[in-house]
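**Q** The chain contents come next:
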Amino acid sequence: MHILIVEDDEVARNYLAKALREVGHTIDVAGNGLDGLQLASSMAVDLAIVDRMLPKLDGLALVQSLRATGRKLPVLILSALGDVDDRITGLRAGGDDYLTKPYHMAELLARIDALSRRGDAGAAAANTKLRLADLELDRMTRRVTRNGKKIELTAREFQLLEFMMRHSGQVVTRTMLLEGVWDYHFDPQTNVIDVHISRLRQAIDKDFDKPLLHTVRGAGYSLREDE
Amino acid sequence: MEPEQRFLGVLASSPFRIAIVYSIVFAQGAVALLGAVYFAVSEVVDRSTDNLIEAEVQGLREQVLVLSRSDFIELIEQRSQDQDVRGAVYLMVDPQLRPVAGNVPAWPKIAADQGKWIQFKVSVPYGDETREHEMRAQRFPLPGGYRMLVGHDVQERQDVKNLMLRGLIAAVVLTLLLGLGGGIWMGRRILAQAGAISAVAMQIMRGDLSQRLPVRDADDELNTLAREINGMLDKIEQLTLGMRTVLDSAAHDLRTPLNRMQASAEAAMRDLSPTSPERRVLERVTTEVDHMRSTLDALLRIALAETGTVAREPVDLSALVASLVELYAPVSEERGIAFESTVAAGAEVQGSRQLLAQALANLLDNAIKYTPDGGHIRVLLRGTPAGAATGGPEVVVEDDGPGIPADKREIVLGRRVRLDEARKFPGSGLGLSLVAAVTKLHGARLVLDDAAPGLRVSLKF
Chain A
1 MHILIVEDDE VARNYLAKAL REVGHTIDVA GNGLDGLQLA SSMAVDLAIV
51 DRMLPKLDGL ALVQSLRATG RKLPVLILSA LGDVDDRITG LRAGGDDYLT
101 KPYHMAELLA RIDALSRRGD AGAAAANTKL RLADLELDRM TRRVTRNGKK
151 IELTAREFQL LEFMMRHSGQ VVTRTMLLEG VWDYHFDPQT NVIDVHISRL
201 RQAIDKDFDK PLLHTVRGAG YSLREDE
Chain B
228 MEPEQRFLGV LASSPFRIAI VYSIVFAQGA VALLGAVYFA VSEVVDRSTD
278 NLIEAEVQGL REQVLVLSRS DFIELIEQRS QDQDVRGAVY LMVDPQLRPV
328 AGNVPAWPKI AADQGKWIQF KVSVPYGDET REHEMRAQRF PLPGGYRMLV
378 GHDVQERQDV KNLMLRGLIA AVVLTLLLGL GGGIWMGRRI LAQAGAISAV
428 AMQIMRGDLS QRLPVRDADD ELNTLAREIN GMLDKIEQLT LGMRTVLDSA
478 AHDLRTPLNR MQASAEAAMR DLSPTSPERR VLERVTTEVD HMRSTLDALL
528 RIALAETGTV AREPVDLSAL VASLVELYAP VSEERGIAFE STVAAGAEVQ
578 GSRQLLAQAL ANLLDNAIKY TPDGGHIRVL LRGTPAGAAT GGPEVVVEDD
628 GPGIPADKRE IVLGRRVRLD EARKFPGSGL GLSLVAAVTK LHGARLVLDD
678 AAPGLRVSLK F
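Residue numbers (the working numbering), protein chains in the order written: chain A, 1 to 227; chain B, 228 to 688.
Do not take every clue at face value.
Claimed, not checked - Just so you have them, the derived chain A footprint on chain B, three or more residues with Cβ under 8 Å:
(1) 470 to 482
(2) 575 to 588
To be verified - Facing chain A, a subset of chain B residues (Cβ under 10 Å, in silico):
(3) D321
(4) L324
(5) N486
(6) R528
(7) E560
Derived from the structure by calculation, the hints contain no laboratory data. Just so it is clear, the structure is predicted and the values come from calculations on it, not from any experiment. For glycine and all other residues, C-beta sits at the position ideal for the given N, C-alpha and C.
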């Protein structure tokens, strides 16, 4: 994937570029907002990572200008600001996701992955039935079956599974789950998400040979069919 | 506002009261002025008729001495018929009080003890009907037991006096009514302006510092006041924006190096084997970065809550508490802690959902952290009592952990206070401080109490 990094902090930019290249992405970098806007509008960039505070052209202004020209590429905003309302401001300006510094690379990679496959997820959202191996989730009847056997889930477990299935094959972090399923934007002190995942795992994997819900060490969880 | 309330509001408004006081003062002035005129005029009118009668009596007394009775009777008849002397009345009676001459039909009944002046009523033709007219007269004896009565019709004088009296009453009533009407009009006007001002003030208190008081194109006190308050608001907005800028740059200047630290540690770790001692050191570094980040997040959120610049919206507190209960219950059950909850429906507050969620999550985190395995946690949301105008919802979180001693409840709400007993538990020590800041931002009251055993935290909106 072709990713544009617009970040004025050279150290952070270089590490980010290196890490993304290592996982196989093509990277372009810009150190200020104007260069970033130029690169983002003229090239076949698939995704942009934009720092919020940039010289010459502010990160939010960059995203707004980009959206004003009709460019639809996914944009992840990185912010070193105070938080709480900044996230909403960032998303309103046209950002697709928002991450506060300092972040774990695993978190950023998982979000980039989710953003780049947003098109697939959108298509999946249009389907009433989501499938992974022998696991099937019907969003209309709110029925979940595995290998034809009905699985009883609470409303929240259903939502959690739906989110995981929409991102099947990807790594989903705890923060992404807390944001996507519960709409909370803070880090709980306790392992709340882990407990919910382990309950979901009990429900969908316990009576079956092949587990579908995997823990990804140091990153989060992934729902996938293991080889 | 209900119409009745609005009416009472007008009655209670200061311009209305001022208008009432003024109209009473003006009415008193009108009474004094018109009263003086009334008395002066009636004095003058009374005096002139009395003088007229006195002169006539004097004249007739002289005439009776020089004229024969028949000439005198003729004189009386003449004067009675004289159209030029309008309103003059004469009556001459014989010793049996039978009328001899004059234009009054009968001798009036006169009380014995009455003085020189008498007053009586006489029916006089008035177009097709007759009217009772008030007469004022003097009487004097004539030779031979005859008696004479000379007087004047004072009905007109009475009418003028009555008219003046009515005018006086009307003027007073009119002054009072005008004062009342003006008071209501002014009261409503000022009330409307004050209402607009307090509506804006409410919005400002909810955190929308860009709002300004409405100012009309006039130089009255309210407008001057509104202008001055707006100037003050400009200053406050400037200061708050300044605070935010400081917070943002502090955040930026701390997050940027933390981010570099995290990135370099992660980059260095990638090339190391999972068991190498260097890797373990770097993992410690990233753990510390995480720790600093959560402390920084908490501090920034506390500071933001305290500047009051956080955006507010209606928050469905019932849904929020229910969802947090649902998020946390499994964790506590995992540890054998019984988690009970009673959540009233329909509780709503104005505020920041994220900050409220964080604050309540901190309470639940704490409860779970400090409650021993097999303990109890109770969460209660009470809605606004039906029919009660005041008193918002209340959220209560109770645990049966060690609790907080009564003398230390105040201090734990300050920044970074962790009681010695709590040091064995992980955490930044900012949890309750954030709860306190968020509670204050929402105009709620935070009470720490003994749940006997354990801690009882109540947020009363």
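**Q** Each hint should be assessed against the structure and marked as holding or not.
**A** Going through the hints against the structure:
no.: 1; hint: 470 to 482; verdict: holds (count 6)
no.: 2; hint: 575 to 588; verdict: holds (count 6)
no.: 3; hint: D321; verdict: violated, 114 Å
no.: 4; hint: L324; verdict: violated, 108 Å
no.: 5; hint: N486; verdict: holds, 4 Å
no.: 6; hint: R528; verdict: holds, 6 Å
no.: 7; hint: E560; verdict: holds, 8 Å
Violation of the numbered hints given earlier is confined to hints 3 and 4; the remaining hints are satisfied by the structure.
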